[in-house]
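**Student:** Protein chains in written order, with the working numbering: chain A, 728 to 980; chain B, 84 to 412.
Errors might be hidden in some of the hints.
As the list claims (entries may be wrong) - Label-pair restraints from in silico Cβ distances: (1) A:883 with B:317: 43 to 53 angstroms; (2) A:818 with B:409: 32 to 42 angstroms; (3) B:409 with A:855: 50 to 60 angstroms.
To be verified - Computed far set for chain A versus chain B, every beta-carbon distance over 10 angstroms: (4) 757; (5) 761; (6) 773; (7) 775; (8) 778; (9) 827; (10) 895; (11) 914; (12) 944.
What the hints assert, rightly or not - Example chain B residues on the side facing chain A (calculated, C-beta under 10 angstroms, incomplete): (13) 243; (14) 245; (15) 276; (16) 278; (17) 280; (18) 284; (19) 339; (20) 344; (21) 355.
Hints are computed from structural coordinates only; laboratory data are not their basis. We put the beta carbon where it would ideally sit given N, CA and C, even for glycine.
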Amino acid sequence: MIRLGALLVAIIAACVSARGEDLIVALSTRDVAITSNYTGAEITVFGLIERDARAVARPGGYDIVAHVRGPVGEVVVQRKGRFGPIWLTENRSRYLSVPLFFSVLSSRPIKEITDETLRARLKLGLEYYLPPIPPGKEEAEEHDFRAALLRLRARDDALSVNEKGIDFIRPNLFSAHVRLPAKAPPGLYVVNLTLLAGGVELKSAQAGFVVRKAGFDAFVSSSARYEPMWYGFFAVLIAISLGYLANLVFRRD
Amino acid sequence: MPYEPTPSHNPRPSEGEARGAMQLYLPIAELSLNLFLLLGMGSAIGFISGLFGVGGGFLLTPLLIFVGIPAPVAVATSSVHLAASSVTSTLAYWRRNALDLKLGVVLTAGGLVGTLLGVIFFNQMRKLGHLDLVITISYVTLLMSVGSLMFVESAGAALDRHRGRPPKPATTGGVHWASRFPLRVHFERSKMTVSLIPLILLGAAIGFVGTVLGIGGGFLVVPALIYLFRVPTSVVVGTSLFQILVTMCAATFFHASVTQSVDIVLGLTLVVGGVIGAQFGTRAGQALKGEQFRLLLALLILIVGVRFASDLVIRPPEPYSITLQELER
């Protein structure tokens with residue numbers, strides 16, 4: 728009975744807060760084209776917190792947590808170990824459907840924004856990038872593998888945490904920059920924003936952008952994928968004709 | 084127990100503009116590299132292949148992997164470069180009539196079978212996740228053994244010449260082991276009568292190794308023809324180049340259609356650099372004496388072999404590595 732009451736209160740609270748503020752998101756681009764001189768891209772996220780008459784005063788100000796997730800893929804982490812005189816892969820750990828790009832941006836450290844219960848429920852922060860460790864796995868070893876995965880992905884700029892990544896221009900207007908490295912895979916990227924105040928979730932919003940190969944590069948990679956025979960034939964033809972051309976240009980007899 | 088990673092802070096503002104417009108995006112490798120770096124690598128390999136008359140694949144593939152190209156793309160794309168450069172040099176030898184076409188065709192017949200098997204093996208190993216290990220171990224074994232053999236042989240010859248001893252006469256023709264098998268055929272240009280079986284097996288082995296490692300295999304064919312079959316040196320290089328030309332065209336085609344990891348943009352850039360480098364290499368090569376030349380090549384092969392071996396033997400600074408596989412879109 729008490730639990731039901733608590734649930735009811737929570738629902739009412741959610742409804743009230745949902746009406747109080749609204750979160751509007753805009754991205755600087757929805758479409759990132761990979762062309763021959765592509766070196767990565769920077770996407771700017773703009774957000775507006777709209778307050779209506781019902782919105783209560785937020786003396787602590789607003790907090791924003793943004794997650795940017797790229798297309799998912801399989802990640803395999805290998806560890807080398809010593810076998811006699813040589814170093815070989817001794818163990819590996821496989822992670823299915825992990826976002827191949829992941830970035831967490833927040834207005835201040837997430838741990839200061841809200842408590843562990845809400846972080847776990849909303850999956851806020853880097854802790855929830857990988858699925859929980861399944862039972863039966865050796866935990867200590869699995870931690871090492873996961874730490875290595877995070878370290879290596881961060882080194883390639885495919886994983887980042889920026890606790891000052893959300894800039895409030897006005898108390899209800901903010902922006903954030905997402906830097907995509909050239910190696911970030913093509914596909915759909917989703918930006919999830921969560922608006923919080925006083926450690927409570929108020930509203931969330933979502934926006935997406937697409938990274939795709941364009942022009943010549945798109946043509947090359949789609950031919951390689953869908954017309955592999957023709958692509959191979961053409962590659963051989965190019966090799967032979969360039970070799971022949973070089974022979975004509977540089978012949979000395 | 085909650086999982087506590089160390090957060091990494093890398094708020095790097097726009098660095099994209101600073102890197103300049105000379106970056107070239109490679110659509111199959113899916114990364115961008117400096118255009119001049121690629122052209123420079125192509126011409127360096129071209130220079131060496133012009134200098135020594137080898138394809139240079141055994142240097143090119145490791146170099147591509149070293150600058151960050153995924154191993155499958157590096158191996159497959161090297162075959163484009165090798166096909167193009169062997170067209171140029173085969174034509175040059177053809178015009179000088181330094182080519183045994185009949186022998187070349189026989190080797191190629193075996194080579195095509197080997198190439199196809201190589202691509203299938205390559206694809207299987209990639210699926211099992213052992214490709215990098217297979218490539219490393221094969222490179223070490225191959226380069227170290229061929230390099231040491233060549234080094235000992237050429238150092239011996241150089242010493243002999245230094246002491247004023249006449250070089251050992253190269254025996255050609257005559258009856259030897261390779262003519263004891265059935266299916267004997269006479270090769271006029273090479274002045275020999277040998278069975279087709281060992282020749283086809285040699286071609287198949289070279290095709291297989293070449294496809295898996297992204298090398299032409301010239302540094303294997305040439306010594307094999309000289310020492311095992313006693314083919315005259317005058318036609319060996321031309322014939323080997325002809326075999327490499329056909330095998331590498333086939334490797335390009337098979338790689339493109341089976342493993343889909345041939346990057347045409349990367350290949351083109353390397354070929355353009357390679358063509359220019361090869362011209363300078365050929366000129367430089369004319370100033371070298373035979374055994375000096377073999378000694379230098381042996382050293383080069385050994386250096387690459389040691390480099391690969393050190394990867395296996397030295398404690399890796401980072402014991403972990405990751406591979407990514409995008410899911411089907």
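**Student:** Let's test the interface hint: is any C-beta of chain A closer than 10 angstroms to that of residue 245 of chain B?
**Tutor:** This hint is violated: residue 245 of chain B lies away from chain A, its Cβ roughly 33 angstroms from the closest one there, beyond 10 angstroms.
**Student:** Just checking, residue 944 of chain A versus chain B, shortest CB gap more than 10 angstroms?
**Tutor:** Nearest chain B Cβ is 4 angstroms from residue 944 of chain A, so the label is violated.
**Student:** Verify the interface restraint on residue 344 of chain B: the C-beta must sit less than 10 angstroms from at least one C-beta of chain A.
**Tutor:** 8 angstroms, holds
**Student:** Using Cβ atoms only, decide whether residue 280 of chain B comes closer than 10 angstroms to chain A, and label the hint accordingly.
**Tutor:** Given a least distance of 29 angstroms, the restraint on residue 280 of chain B is violated.
**Student:** Non-interface claim for residue 914 of chain A: all C-beta distances to chain B beyond 10 angstroms?
**Tutor:** 6 angstroms, violated
**Student:** Can residue 284 of chain B be said to touch chain A, with a Cβ gap under 10 angstroms?
**Tutor:** Since the shortest Cβ distance to chain A is 25 angstroms, the answer is violated.
**Student:** Is the interface hint for residue 339 of chain B satisfied, with its Cβ closer than 10 angstroms to some Cβ of chain A?
**Tutor:** 3 angstroms, holds
**Student:** Classify the hint on residue 355 of chain B as holds or violated, based on whether any CB of chain A lies nearer than 10 angstroms to its CB.
**Tutor:** 8 angstroms, holds
**Student:** If we take the beta carbon of residue 775 of chain A, is the closest beta carbon in chain B still more than 10 angstroms away?
**Tutor:** Consistent with the label, residue 775 of chain A stays out of reach of chain B, its closest Cβ about 23 angstroms off (over 10 angstroms).
**Student:** Taking 10 angstroms as the cut and beta carbons as the points, is residue 773 of chain A off the interface with chain B?
**Tutor:** Since the minimum Cβ distance to chain B is about 17 angstroms, residue 773 of chain A lies beyond 10 angstroms and the statement holds.
**Student:** Please verify that hint: residue 243 of chain B, Cβ, nearest Cβ of chain A, below 10 angstroms or not.
**Tutor:** Given a least distance of 33 angstroms, the restraint on residue 243 of chain B is violated.
**Student:** Take the C-beta atom of residue 409 of chain B and the C-beta atom of residue 855 of chain A, compute their distance, and say whether it sits inside 50 to 60 angstroms.
**Tutor:** Violated: the Cβ-Cβ distance is about 22 angstroms, outside 50 to 60 angstroms.
Of the hints listed earlier, those the structure fails to meet are numbers 2, 3, 5, 9, 11, 12, 13, 14, 15, 16, 17 and 18, in rising order.
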